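Protein chains: 4
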Amino acid sequence: MIVKMSKWATPEQIAAVETKLHEWGYKTGKMVGEEITLIGVYGDISRLPTGEIREMGGVDALIPISRAYKRAAQKGEPGRLIHKTVRIGDMEVGGDALTVIAGPCSVESEAQIMEAARMVKAAGAKVLRGGVVKYRSSPYSGWEGIGSGSVEALRHGLKLIVKAGKEFELPTVVEVLDPHDVAIYEDMGVDCLQVGEPNSKNQALLNRLRETPLPVIHKRGNSLDIEAYLLWVERIMAEGKENVILCERGIVSPNRYTRNTLDLGGIAALYYQLSCLPIAIDASHGTGIRDLVHPMTLAGIMAGASVVLVEAHPNPLVAKSDGFQGLFPEQLTRLVTACERVWELRRCLEPLYIPSALLERQYETRVAADRTRFFGVT
Amino acid sequence: MIVKMSKWATPEQIAAVETKLHEWGYKTGKMVGEEITLIGVYGDISRLPTGEIREMGGVDALIPISRAYKRAAQKGEPGRLIHKTVRIGDMEVGGDALTVIAGPCSVESEAQIMEAARMVKAAGAKVLRGGVVKYRSSPYSGWEGIGSGSVEALRHGLKLIVKAGKEFELPTVVEVLDPHDVAIYEDMGVDCLQVGEPNSKNQALLNRLRETPLPVIHKRGNSLDIEAYLLWVERIMAEGKENVILCERGIVSPNRYTRNTLDLGGIAALYYQLSCLPIAIDASHGTGIRDLVHPMTLAGIMAGASVVLVEAHPNPLVAKSDGFQGLFPEQLTRLVTACERVWELRRCLEPLYIPSALLERQYETRVAADRTRFFGVT
Amino acid sequence: MIVKMSKWATPEQIAAVETKLHEWGYKTGKMVGEEITLIGVYGDISRLPTGEIREMGGVDALIPISRAYKRAAQKGEPGRLIHKTVRIGDMEVGGDALTVIAGPCSVESEAQIMEAARMVKAAGAKVLRGGVVKYRSSPYSGWEGIGSGSVEALRHGLKLIVKAGKEFELPTVVEVLDPHDVAIYEDMGVDCLQVGEPNSKNQALLNRLRETPLPVIHKRGNSLDIEAYLLWVERIMAEGKENVILCERGIVSPNRYTRNTLDLGGIAALYYQLSCLPIAIDASHGTGIRDLVHPMTLAGIMAGASVVLVEAHPNPLVAKSDGFQGLFPEQLTRLVTACERVWELRRCLEPLYIPSALLERQYETRVAADRTRFFGVT
Amino acid sequence: MIVKMSKWATPEQIAAVETKLHEWGYKTGKMVGEEITLIGVYGDISRLPTGEIREMGGVDALIPISRAYKRAAQKGEPGRLIHKTVRIGDMEVGGDALTVIAGPCSVESEAQIMEAARMVKAAGAKVLRGGVVKYRSSPYSGWEGIGSGSVEALRHGLKLIVKAGKEFELPTVVEVLDPHDVAIYEDMGVDCLQVGEPNSKNQALLNRLRETPLPVIHKRGNSLDIEAYLLWVERIMAEGKENVILCERGIVSPNRYTRNTLDLGGIAALYYQLSCLPIAIDASHGTGIRDLVHPMTLAGIMAGASVVLVEAHPNPLVAKSDGFQGLFPEQLTRLVTACERVWELRRCLEPLYIPSALLERQYETRVAADRTRFFGVT
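Protein chains in written order, with our numbering: chain F, 1 to 378; chain Y, 1 to 378; chain G, 1 to 378; chain D, 1 to 378.
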């Protein structure tokens, strides 16, 4: 962190900032320029009371240097990155194998979720997803999920998907919307919780999830910078929780053709530079167009995802919600096959990726010679 | 609503869509083009199961014609718009008078909120605001509000602000984050609830607010189109609730200098075209820069706001949160004065605004003559 | 500018960066942290070859501290800002008086522009605008302006608007699209050139405008941060040109209701913090909705604009381009009246604006006392 | 196109719109709803004077149904899409083979571009790129390209890259900024022209390119919707030109970590649904981070690109511009190898992609049975 003093700051104000930082146990450095003075703050600034500093006399701005998220951060170094795994049921996610999580947008009936689980298993996907209380952008959509309206309905809906999962030996992922429901999800045997996009910044819910032993898939809010997203993820992890999975499902942009804009560059940044956590690609919500789910899922794997979230339905034409983006069974089967081939290739191509840090030294030694060679100067 | 059939749709598929719509009680119309057929759906489509239609064979897309929000909508006509009022305590908001709602970001102590209420009253503002449980983007900020952590803390925090409000005869507005806390807010005597930006799409919270008799200020999410925002607002109102206030507090954009981008064009669209609800301008969060709060609040009034939300603190230099955007007491006093002057002028200038619908007929009669006059053609 | 070294940087790499900066005549400072070292660069960095630094071994990133635009920048201090004026013909723009620039989207015929100029004059606006070569988003619109297609057509179109301006004693503003046409505009007697939004980053055109004595209105590109915009404006001014006017006409955002999103916070930032140049508000393009032009123009003035750009037509129903956002004559007349009233009020309210820098000292002296008062600590 | 009449439109106004459309040779249809009337316009509406319609009395809005771009559009049908090829020199682009276009940001000297061409050839790339006049966001960067400042300089710069291309049998791609320079590029033997992002909406330049026989790579502007982009591309093609290549190089979004946000969903939409033209991925500008170029290029191919644009330099540490995003030679070599492997896999996986249109009929026949099966209703 750098504290930038204003050009009207007095020496006393500058000294006061330094004193305050020392009181809090930080070491500082200082650069006195012609117009302005900068004060560097050393060490772990994630707990620095920045508001208090920003308010001190003569302070113009705070300039971040190191990141305010710690647990969600990548801690390796170029060429030796650290990528953690997370368990969902007895599946290990984020390791050597790709994990495809598939299922309908909503659990609609016992027969439907059973059939969906059969489809998911047959397609070769490894985890079953299905919503029990649904987000709807219009209050008049009529259907807010089999589990909406009462605790009994919620328990009933969760029971159905857990039963379907057990029948076909698939761990289950279900979205949770209300912090007070978390215990019910745990109690009913759900294997993994999901935070949906509209709740990405729901502080009450995220705080509550600190306490669950279940893994959590936290979807990126559609207006969040990739590092701001990590700071919301960090909220779940702040007291020690480790088993969190990231998920890119699209952000806002000037493109209006797709429902959202999948930020695969964000996935690549997370995987190659910023985070140690497994990353999921959700191209169903990320495009909102059934026929773009296939290519965008494959592209997401190539960018760095190791988890695939995808909506599919035994017959999307009768789905009660979001059927227009759910895959037909044949499409799911072929997508899983294609995903495995792309994953295999990505793993095989990994040795071809050389981080610049491993090359820079060598090219530095040539700088003078190359300047002469190219520009005729020394 | 128009149902656009794909160019490969069969006559049977087109007939099936019409039949289904008729079953649901809608009248339809049809336009058969060279390549595609369009089916128009007449009547109130707010409860139409669009997902089911979208999934029918041969359907390419649904094209909205009329709006899916009804209660939040403007129901007047050009030149005779309808603008409702909402009561906060015994204040009437959205009517002939401007309402300034001011106070600190957070209730920090009894002494602080008392002093803040005194400041607000002295400045001429009419409603006291103050957060008791706070949103923080970093989980390590340390301070999440005097009311965070337990029901007792929440009750204590609410008690302080309600007491301060009563002492200075100011109704109070407090943000609520958890649906299960609503009853506590009501019980403690808060006069108005606020939904913050990160919860703008929090379905569990919005559904719960349908039942409260208290007025609600619902802040626009920073990634929401102005009509998508009204659809989330409609969620609170869907079962009959009327006392809701809109609030523009900034959206994402390519401008990175201000913390958010205040969409005053959205305010003007709401006021002059889309909604009957009172509109608040929150330039504190909308700019994130203390010295821009004054001009942007005034601009917001000029665009159509009749409620001002503004952060101020007896001494922002000691504020525990967001002090950098809170006004100094002198700034608040002068802003309230300026707001009243701008409001007065806006009211006085209203007769100068002529909706185009009142002029079109007259100019239509001149079209032929003007074409001849300008272009020499008939 | 701060040079942030990577955590793997060697002492030799750090020394090399310092040496290079010294060779270029810069003074430097250094802060050695636990993990990383920062090197501060003092002085005017606008001509620093940043690319070369960024490429040196061990350099992680460059962090800007002071601004890379100089001529377009605000050079005053809080409470004593400097706001320059620019002449268009014999009008002084940006000073004590508001300047309304009005006219049709396009010059369509001699009769039309004459009638338009009469309307503009009668309404009380001071400058006449009108396009001679038009931007069209579709290549099939059919009409690309009276001046498109040949040098003769261009001269003819320019002659018409200049003649109309002279007849009604109104200086004229016309958009230029091709750098090779600038001399023709000068030759034909146009009083002010305009750079349209699609050309906001057209380097060849901006470079050419360095040489014209005519004033230039440079419209902000719809994807530009407000400071990135100033850097493109600076391109015109880089070799000494001073007479440039800024213009906010809308940027992209999640709001899809208006054609663009007017960033009035950007206007306030320019006026109160960033720039010394006059600022125009163009609510015609900024909203794309005729009935929102009036309120948004007034809001723009309140935010800091002193120039109004507005489209109006003697009969917009016969306009060949963009008529849907052009005002009817009655609307223009009333808007000019309203603008003057708002301008007058803004001037009158100016003493109520107190920059925080003038208050901070006084509140700093109270910090300890207020902490004790509010929190019971010293 | 649908013309939506306002709810206050009179029967006379509705009839007038129909009459006007018939005069222009269009057939129409009509749907009369409870509140509003819609008029459908049949046939090729790309040349419909929409402005004139929009201005007619009683017209509320125009709702597009079919696309206003024709030549750039996809004209096949699901399962039988049409993808055209474009020739650059004697290379066929967009067909069975992937085309990698590589080279430095700028031509810096004869020695440098020769060495760069050698590197490009050795890496296995097929086309040489290099800028001769450069875009720079700061006017003070100092270096605007070896070809800037005079016609002689431009000719000299172009001569160098063409010579290097010939020496290593690589066709060349060079960006053109000024419409008046096109003939010089043709004359000097450049094989392909490029329109850069800042010029994506430069009408004068795009109009001029209609006349060149050379192929053109047109980069998407960073604020353009994908279909709005196609409309600007259509401008080059409007009079018959066919040899145009699309290029995704990043758009604005809330993500601030990467320089731009690569919209790979836009690539997938172009390839699978909207356009027949070859698509390039430019991950150098699209990420602005050297170490993300590799994964994002591969992801772009998987999404639908068949052309790769990538910056590389014999020693990026001495590059005069944008070296921070240019690959080191080893990185280029490995990227080309990886691209070929990914391309090969994509081709091999193509049979796994099933457009929904090919499945819908079959699932429609099951709808009643599946409703009964899942929901127990008929």
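Simulated from the structure, these hints should not be mistaken for laboratory data. Small disclaimer: the values here were computed from a predicted structure and weren't measured. It cannot be assumed that every hint is accurate.
[Stated by the list, open to error] Below, simulated SDA-like cross-link-like pairs (lysine to any residue); rule was C-alpha separation at most 25 Å, straight line:
(1) F/Lys27 - G/Lys241
(2) Y/Lys27 - D/Ile45
(3) F/Lys166 - F/Asp187
(4) G/Lys4 - G/Tyr42
(5) G/Lys75 - G/Lys241
(6) F/Lys27 - G/Lys7
(7) G/Lys7 - F/Gly43
(8) D/Lys30 - D/Ile45
(9) D/Lys30 - Y/Tyr353
(10) G/Lys121 - Y/Tyr353
(11) Y/Lys4 - D/Gln273
(12) F/Lys121 - F/Tyr140
(13) F/Lys84 - F/Ser46
[Stated by the list, open to error] Which chain D residues stay away from chain Y? Per the calculated CB distances, all over 10 Å, these:
(14) Gln13
(15) Glu77
(16) Gly376
[Claimed, not checked] Covered stretches of chain F (chain Y as the covering partner; in silico rule of three or more C-beta atoms under 8 Å from a C-beta of chain Y):
(17) 177-185
(18) 230-243
(19) 273-287
(20) 306-318
The beta-carbon is built from N, C-alpha and C at its ideal position, and this holds for glycine as well.
Hint numbers not upheld by this structure, sorted from lowest to highest:
Violated: hints 1, 2, 9, 12, 14, 15, 19.
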